[in-house]
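Take a look at the letters that make up each chain.
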Amino acid sequence: MANRVDEILGWYGADHPGVLKNLRWMLESGRLGGTGKMVILPVDQGFEHGPARSFAKNPAGYDPLYHYQLAIDAGCNAYAAPLGFLEAGARQFAGRIPTILKLNNSESLLSTSDPKPAVTASVEDALRLGCAAVGFTIYPGSAERNEMYMEFREIAEDAKSVGLAVVLWSYPRGSGLSKEGETAIDVIAYGAQIAAQLGAHIIKVKAPTDHIEQAAARAVYEAEGIEVSSLADRIAHVVQSTFDGRRIVIFSGGAAKDTDGVLAEVRGIAAGGGFGSIMGRNAFQRPKGEAIELLHSVMDLYLERA
Amino acid sequence: MANRVDEILGWYGADHPGVLKNLRWMLESGRLGGTGKMVILPVDQGFEHGPARSFAKNPAGYDPLYHYQLAIDAGCNAYAAPLGFLEAGARQFAGRIPTILKLNNSESLLSTSDPKPAVTASVEDALRLGCAAVGFTIYPGSAERNEMYMEFREIAEDAKSVGLAVVLWSYPRGSGLSKEGETAIDVIAYGAQIAAQLGAHIIKVKAPTDHIEQAAARAVYEAEGIEVSSLADRIAHVVQSTFDGRRIVIFSGGAAKDTDGVLAEVRGIAAGGGFGSIMGRNAFQRPKGEAIELLHSVMDLYLERA
Amino acid sequence: MANRVDEILGWYGADHPGVLKNLRWMLESGRLGGTGKMVILPVDQGFEHGPARSFAKNPAGYDPLYHYQLAIDAGCNAYAAPLGFLEAGARQFAGRIPTILKLNNSESLLSTSDPKPAVTASVEDALRLGCAAVGFTIYPGSAERNEMYMEFREIAEDAKSVGLAVVLWSYPRGSGLSKEGETAIDVIAYGAQIAAQLGAHIIKVKAPTDHIEQAAARAVYEAEGIEVSSLADRIAHVVQSTFDGRRIVIFSGGAAKDTDGVLAEVRGIAAGGGFGSIMGRNAFQRPKGEAIELLHSVMDLYLERA
Amino acid sequence: MANRVDEILGWYGADHPGVLKNLRWMLESGRLGGTGKMVILPVDQGFEHGPARSFAKNPAGYDPLYHYQLAIDAGCNAYAAPLGFLEAGARQFAGRIPTILKLNNSESLLSTSDPKPAVTASVEDALRLGCAAVGFTIYPGSAERNEMYMEFREIAEDAKSVGLAVVLWSYPRGSGLSKEGETAIDVIAYGAQIAAQLGAHIIKVKAPTDHIEQAAARAVYEAEGIEVSSLADRIAHVVQSTFDGRRIVIFSGGAAKDTDGVLAEVRGIAAGGGFGSIMGRNAFQRPKGEAIELLHSVMDLYLERA
Amino acid sequence: MANRVDEILGWYGADHPGVLKNLRWMLESGRLGGTGKMVILPVDQGFEHGPARSFAKNPAGYDPLYHYQLAIDAGCNAYAAPLGFLEAGARQFAGRIPTILKLNNSESLLSTSDPKPAVTASVEDALRLGCAAVGFTIYPGSAERNEMYMEFREIAEDAKSVGLAVVLWSYPRGSGLSKEGETAIDVIAYGAQIAAQLGAHIIKVKAPTDHIEQAAARAVYEAEGIEVSSLADRIAHVVQSTFDGRRIVIFSGGAAKDTDGVLAEVRGIAAGGGFGSIMGRNAFQRPKGEAIELLHSVMDLYLERA
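Chains as they are written, first to last, in the numbering used here: chain L, -14 to 291; chain F, -14 to 291; chain V, -14 to 291; chain G, -14 to 291; chain A, -14 to 291.
Think of the hints as simulated: they come from the structure by calculation, not from any bench.
Among these hints, one or two may not hold up.
Each pair may be met inside one copy or between any two copies, as identical chains are not told apart.
[What the hints assert, rightly or not] Once the Cα atoms are required to be at most 30 Å apart in a straight line, the calculated DSSO-like pairs of lysine-lysine come out as:
(1) 6 / 242
(2) 273 / 42
(3) 191 / 101
(4) 42 / 6
(5) 164 / 6
(6) 42 / 101
(7) 191 / 42
(8) 101 / 273
(9) 273 / 164
(10) 42 / 164
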């Protein structure tokens, strides 16, 4: 098993050993430790959607310590959250599970057609809190995208210089894309490629649909016969688009679903060669026992493919 | 009683002992010292509303020394003001009462739909003046919100690095919110969550109404049966939304009211588990004797619940 | 007499002795030295209005040395000017009269509804030129006000750290105010309050009219019976609004007037407890002898009230 | 078992969570993971004594990768070495075992009565290499001691600010001490106290003899009846002298010995409450199989006392 | 009288007007104001010789405020002292008399053949305290001289850049000079030249004897017939050696003497064209009335020559 982790770390030959240490920490933690697969618990919805929409369904989640413990008890590879949530448990949980500090976040009290998150924490915060990585969100396609890319460039450069891994959430959106286009296969694959080109170590995208948004892309998909009918096909295409599988790309499930829906999607991700899932609302909005059960089922699907 | 302060300080495990020292100074000062409850006197209305609107009713308040003495005589936990007011008494009152330097302020000679305060003082000023904390205001929902969040990020990081506590006024407003929405329960709870995620130690919000502003939130409030009919219910929901009670959240009363109105509101805040009140105009616009009497009555309501 | 200067310096307890040294230098210079009253000669009109509008009437004023000598010969407390004018005479007049370096200036080749001056000199320049103080202009009510406040914040922090006094010209204007409103009593008092809250040591405002600009203010002025019918009343209200008289607030006369007009206004300022006058065009556009005579008459009116 | 680690981390309340993460990493790694006991492999003898004296006995040790693997295979808590040795294996072994970068080192081509090591690596190197800690050596009693203390002060401040743990080798020596005095119980206890007062997280001293070097100390040891006859007594006295057991203090065995000699000494250290051993030459100068066997026997002695 | 000050300031054409302002402040203060002559009160003996040796004779001098007031009451041009003494009265006496902050000081608990003072305050301190100048001591001839010259170079550069004048105490001593040689005419003249070449604005040396220390110098003094028999001759030679009179050079009297001795020496200094005296122990060790009387007599001797 350890060989797979070594193989993955071999793709990051330009990075300091300090970065590899933190990638290894994440890759060897939890129930999937050593398989090269990852399931990460992210809890930034309090900032992104507001507290009641995030936590009312399972009110234990109002407590920041709950999520640390859930991630540990479920055997996740890492736990990702904004500054406040991480600070609230950083001392008690120091070193118990790899953490990812989300450095930018958006709130939804105002909705704009070309959104941009605010930078809300720093690389120094991540060192201070003992994190394994920093996380950042870009919105490819937004009129503000270049601002985000340039903020990311500085942050990624700083993080790498001090040995932190860099996780990039790439969520295409903005006035140039239709709502359906945000998860179109061509757009998702493009967003993953941009993230990889920006130098991310771990890339997180949404599971793609079979919609193709851009005419220029559609022509190529059709001419070259790129297969996008099944989720597994599409995942394989995204993995290929992320440096032919030489970067860790993981998938989010989006809005809360029923258990069958979640597992069906993960089955497709795993079948397509995805490296794992980042699962927030589908985990922390369930009662803890159910959440752990679901996360274990998800991990089992990845174990089958590891 | 000291145990409650220790318990509260235990929530801030990511912070320097220097920050804890200043949080403790505020929590153990004044008539509520040691109870974990706080009543703070803020006087930034001279800048925010102009001098006559602020001080003509009780002209003693034109004198900056008056407010220091009022806060001390009434047994407040701290006194908050902009640079000029603090500088005017910083030498005479050095170390007599914890002070909070408001680092940004808005004037009202020009009204805009998406407001943003100006940064008017620095973390270095707060050190120079011997303050316990810096204060900052954000307007979630304003089109300028990201600017404010990013200004705050830098200020909070600096302040924490030199051992100052950070108090965040979170006042949702801006073109995306109705006037009624600014104090809607969903919006106030969301504003408190944002402040906590941004890493504030003490959070100040307005007392919420039972209005629900956002459709997506309303659906959750109704589906989950979140109780918002009484003020105590709403306060409890805001406290829960502020890291399940693991961050100090205090409430402002807003515009001047009669004594019964003030006390009725505080009774609801105390019943809901609020950590205290920040009371400006209702205090300093009354004659000093009446102001102290009112503040003592407010403190008594918190003492009953401590 | 010295006691009055000591009393005034006692208001600035948050400042370094270095700042007090320079405040004392200004307060003890010239014919009003030691009285706590000040008459300052400002000559920034060359930048603000152009040379001919400023100096053609008394062409001696084209020469920068003329103004240094005029301020000395008339017994002014200080001389204020932009970088170029001060540099032109700094060596010859080093230490002969306190100087105030105006750090920002507006030219009038372009007129905008929301103006903002350019920063044209630095705190380091003021040290190099041996100045007693730096001067800065803000336009409360301009859409650019926050930029000005934030520029001032940095400049004032730097100036105070090296022992320079800070003089703030507070001139409300901008798209939110009527022309008449720029000198309305409520607006002038508000502008003085803002300047004091921003941490200025000496505040310069225009002499106010009895117009009240803002509806919210008018309601208070009427309810509280604030007297604004005579100039002396209005000056007293502005002095009160400037930390109840605990900050030096001086008044400009604005456009050139006849001698009786000037003296009538100064009489009102002195009667209302104003700390002095800043008098430019009414001084340097008169022949030198007349200018000195007028300035002496102005000083005499303050001496009567000292 | 985890409780003991939490208890130990509770002693470091002034440190960032980032430091706690790295202390936990060391405390939970290897065969002693979770017991609060530590065995560390240090290999700085190549620099300190030269290659042949260090590695000729077991030539596998010329290869820097050998020591990484030995530390892992033996189940050590950490591996400590100078820059070159760590750089040589940092990529292959990134994250597999906590590493400690020795930031200063002495060579023995010149012998001086008041020695001082050269600083040979930096905190930035430690971040880049993914280390858990930095290591530093002081020689209390050397005429150069103040230089070392001041170098350490800066390094420790930097390391703590970026979340690295700090290990301090405290080896009294210099013109003021006899050779026998370097390991005298009073001197070793004093050296441990100095290291703790300088702010080290983990302190490494030599096993003390029953010699008492300083007359003033001897008087107290005799008057107070401090028991120093057995090694266990002396170890207990050193642990007491290191903040009454509230700092991790570990012991080195010094020159190579036979197996019985090593185990007898460790038995005394364990019996006296020492936190562990740092064992270099006695490990890497044996053939690998024997080395692992010895290290396991050492660990077993600590496990009996955990 | 003002013309002489202008003439003197004309020698400092490379300096900022800010420096000239402070030189003028000193040259125009006190009873000798405007004459180009100076009498300065220095009180650094508390640090240099210990408190009892300095203040027991006139115990009023233990109080730092005493010396400020003595310098003012006697009409001195300036008061010079180390950080602590200036800080103790800086607020009360801000701007009342020019002060000189001594930036380095020697204590006499350890006597070394090649002494060097410690730097004990900074240029920033001088700005903060509102000083007119910084003072610094060099010991030409000490083995540590280059360290002092290089410290001075940085300090002088900084001080000049922020408009502070620079006063340099040049006291030859060290293993290369005999005790008698420390005040030899060739050595004093050489020390004055070094101070001027280092860029000092005001130079303080001891009154020279007719001893000639260095053989090479003696040869020249004899060959060129340099007159050194009377004190006035020697002073004239020192003034000549200090850029032919184009730098301000003042003289210290050294150890306490009787009044006739003091005045005889000053008569010689004045006759030789010295710019003034710096008089510490002879002033503050006398009762205040006598001290003022003596200082006035000294000033009168300079007034005769002005």
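| field | Violated constraints from the hint list, given by number and in increasing order | value | 1, 4, 5, 8 and 9
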